[in-house]
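As you go down the protein sequences, you meet chains A and B in turn.
Using our numbering, you'd call the opening residue of the first sequence number 528 and step up by one each time.
Using our numbering, you'd call the opening residue of the second sequence number 62 and step up by one each time.
Simulated from the structure, these hints should not be mistaken for lab results.
Each residue gets a CB set at the ideal place from its N, CA and C atoms; glycine is no exception.
You may find that some hints are simply not true.
[To be verified] Partial pick of chain B residues on the chain A-facing surface, computed with a CB cut under 10 Å:
id: 1; residue: TRP80
id: 2; residue: ARG83
id: 3; residue: CYS144
id: 4; residue: ASN162
id: 5; residue: LYS163
id: 6; residue: PRO164
id: 7; residue: PRO167
id: 8; residue: ALA169
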Amino acid sequence: MNTSKEKLLRMLLDPARSGEPLSSKLTTAIEDESVAVTSQEPFSYGLDHPDQADIYTLPDGISKKLDEIVNVFKNIGSEKEELAGELLSSYNHLNTAFDATVAVAGNKNIQQAIQTLIDEISRAVDSNYCYYFGALAEKFPQSPDENIEPGMVIAGTRTPKEREKAHKFYRKYKTDLAEMSTVENELKVRMIDYHGEPDPDHEGRGNVLAIPLNSIDSEPVRRQSQALSQPWQLAKLGTLIFVRNSGKEPFQAVEMNLANMLARMGSAVLGNIIYADKIQQLYLETITSLVRAMEAKDEYTSGHSTRVADMACALARYINLDETEVKQLEWAGQLHDIGKIGIRDDVLCKTGKLTEEEFAHIKTHSVLSYKVLEPLEGLQGILAAVRHHHEHYDGEGYPDSLAGETIPLHARILQIADVWDALTSTRSYRGAMSPKEAKEIMHAEAGTTMDPKLVADFLEMLDKQGAG
Amino acid sequence: MKILLADDDPFIHHIVTLWLNRNGHEVSNVHNGLEALAKLKEGGFDGLITDVNMPLMKGIDLVKEVLQLPQRPDLIVVLTSRCDTGQLKKELNNSQVHLFNKPFSPAALTELIERLHKENQHPHEHEQRKTVADAT
Numbered sequence: 528m529n530t531s532k533e534k535l536l537r538m539l540l541d542p543a544r545s546g547e548p549l550s551s552k553l554t555t556a557i558e559d560e561s562v563a564v565t566s567q568e569p570f571s572y573g574l575d576h577p578d579q580a581d582i583y584t585l586p587d588g589i590s591k592k593l594d595e596i597v598n599v600f601k602n603i604g605s606e607k608e609e610l611a612g613e614l615l616s617s618y619n620h621l622n623t624a625f626d627a628t629v630a631v632a633g634n635k636n637i638q639q640a641i642q643t644l645i646d647e648i649s650r651a652v653d654s655n656y657c658y659y660f661g662a663l664a665e666k667f668p669q670s671p672d673e674n675i676e677p678g679m680v681i682a683g684t685r686t687p688k689e690r691e692k693a694h695k696f697y698r699k700y701k702t703d704l705a706e707m708s709t710v711e712n713e714l715k716v717r718m719i720d721y722h723g724e725p726d727p728d729h730e731g732r733g734n735v736l737a738i739p740l741n742s743i744d745s746e747p748v749r750r751q752s753q754a755l756s757q758p759w760q761l762a763k764l765g766t767l768i769f770v771r772n773s774g775k776e777p778f779q780a781v782e783m784n785l786a787n788m789l790a791r792m793g794s795a796v797l798g799n800i801i802y803a804d805k806i807q808q809l810y811l812e813t814i815t816s817l818v819r820a821m822e823a824k825d826e827y828t829s830g831h832s833t834r835v836a837d838m839a840c841a842l843a844r845y846i847n848l849d850e851t852e853v854k855q856l857e858w859a860g861q862l863h864d865i866g867k868i869g870i871r872d873d874v875l876c877k878t879g880k881l882t883e884e885e886f887a888h889i890k891t892h893s894v895l896s897y898k899v900l901e902p903l904e905g906l907q908g909i910l911a912a913v914r915h916h917h918e919h920y921d922g923e924g925y926p927d928s929l930a931g932e933t934i935p936l937h938a939r940i941l942q943i944a945d946v947w948d949a950l951t952s953t954r955s956y957r958g959a960m961s962p963k964e965a966k967e968i969m970h971a972e973a974g975t976t977m978d979p980k981l982v983a984d985f986l987e988m989l990d991k992q993g994a995g
Numbered sequence: 062m063k064i065l066l067a068d069d070d071p072f073i074h075h076i077v078t079l080w081l082n083r084n085g086h087e088v089s090n091v092h093n094g095l096e097a098l099a100k101l102k103e104g105g106f107d108g109l110i111t112d113v114n115m116p117l118m119k120g121i122d123l124v125k126e127v128l129q130l131p132q133r134p135d136l137i138v139v140l141t142s143r144c145d146t147g148q149l150k151k152e153l154n155n156s157q158v159h160l161f162n163k164p165f166s167p168a169a170l171t172e173l174i175e176r177l178h179k180e181n182q183h184p185h186e187h188e189q190r191k192t193v194a195d196a197t
């Protein structure tokens, strides 16, 4: 009678297998399905004459030990499988973290950043749809029917059918979702139930994860910003709510942690983009304010600055400077006379000829403009043009008596525009000249006050444009 | 898919085989580049996944040989724990060879296999599906 344990022991004691390690013999024994070991079986063993087996009973203790060994081996096998499974799962999470971080951090504008963030978190937590609550709702590229409420947007769906379901879910559980959107600093997970009513869609049950998007959230910053009236929220950029529908398991801790990590990183990215925009805007607002200060001082100066700015830009484009330089000239034009704020009224608005002292005083406006603008880091590029817009090509100008090509190009351009406008507009001390007269004077002054080459370009440009 | 996995690390074998089996693929294991080349020459393999640092024949050399074979597999993946993947890409210089870092992304591997599978079966259809997905 060949029983299973017999086979096992036969294998263990087989001289032909004596070189094999015990583990391999046991593995073979296990793979042979007939080896199911219990401790009650009588045991028989035959070596040389298998058909004339001698029957021995294996002592119970050893039989039990054999059982244990075989079972341990089976368990090791399945433990190995489980461990490998866990590891694979962790590999997936790790790679999601790597790839998603790179994807989100690489965005330069708000729409893309938010969309990527939502896509990546959706994938990481395997959600069906996502809702965004907050001030950035208007930044989403959505059709009107998707933006069903102000300050709320449906995102993270891949098909029209999913979008429809998302609508339905929102309408049904509006209050719960709105309440979850108020989460401040921590993530919140809930199971939203269909409140005891039968749900024909079976969509009623949803695992819901709410994630706040916060950028800077430090006390000192908030206190400081409260002193000024801030048009934008410094701390909360909104809330993302991810929903995983019924039939799927609840959100796991590792999924929440992934989502949290991505959201915090994404908030920083969003914050950076917003603040970069705001800094730009702040500059523009500051400059507008300065220009208005100038207007308040002297009505003539303000219109003049705009016209000079326009002419300088036109000339710059005509001689093929790139758009960055054109933009710089625009600012230079608008602000080159800001220093006139420091010039006495009696001199600035004098109708008669200026005395030497008065002329010297008015000449200080170039340096004054320079000093007014110098603290603004973003305007460093226009300081040279502003300071030197009254230098003369022949070196007889002010404030630094620069000559020829040592006068910065932008200053030379600005000067031409400045002179043109001065000639063709009414001043406190004389009327406006006709374009023809002005052109003649420009031509005459080329080489002394102004750069001759640039004057030639300028006059050529005017002729081509038929201006005057 | 029938996939040949070449790596001298038994742990990698265990984990990659487990993953591929779970996704319905059959896996054969070898432990160096020479063995791998020999097996591939016999034919019948749809895919090759190989480590870089192996005895007898390195993964890069293996791949270079494999690319010359008439019966070369559709899927060729190199797994590496080295960080200079840019350098490796240059050495391989072939868009049909895919490079994966260790720890590899199980999801990305599955996705790659599925994508190749679709492309082979219905090349035109695959392109169409791409645009529909883009539109939604």
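Go through the hint on B/ALA169 and say holds or violated, using the shortest Cβ distance to chain A against 10 Å.
The hint holds - B/ALA169 has a Cβ within 10 Å of chain A, the shortest such distance being about 7 Å.
Tell me if the interface restraint on B/CYS144 is satisfied: Cβ within less than 10 Å of some Cβ in chain A.
Where the cut-off is 10 Å and the nearest Cβ of chain A is about 13 Å from B/CYS144, the hint is violated.
Per-residue hint verdict: B/PRO164, partner chain A, C-beta under 10 Å:
holds (5 Å)
At a threshold of 10 Å, is the proposed contact between B/ASN162 and chain A supported by beta-carbon distances?
OK, holds: B/ASN162 within 10 Å of chain A, min 9 Å.
Once the shortest beta carbon distance from B/LYS163 to chain A is found, is it less than 10 Å?
Holds - the Cβ of B/LYS163 comes within 10 Å of chain A, reaching about 9 Å at its closest.
B/ARG83 as an interface hint toward chain A, with CB separation required under 10 Å:
holds (8 Å)
Would you settle whether the hint for B/TRP80 is holds or violated, based on the nearest Cβ-Cβ distance to chain A being less than 10 Å?
holds (5 Å)
A closest beta-carbon separation below 10 Å is what the hint needs, so does B/PRO167 meet it against chain A?
Holds - the Cβ of B/PRO167 comes within 10 Å of chain A, reaching about 5 Å at its closest.
Checked against the numbered hints above, the structure violates only hint 3.
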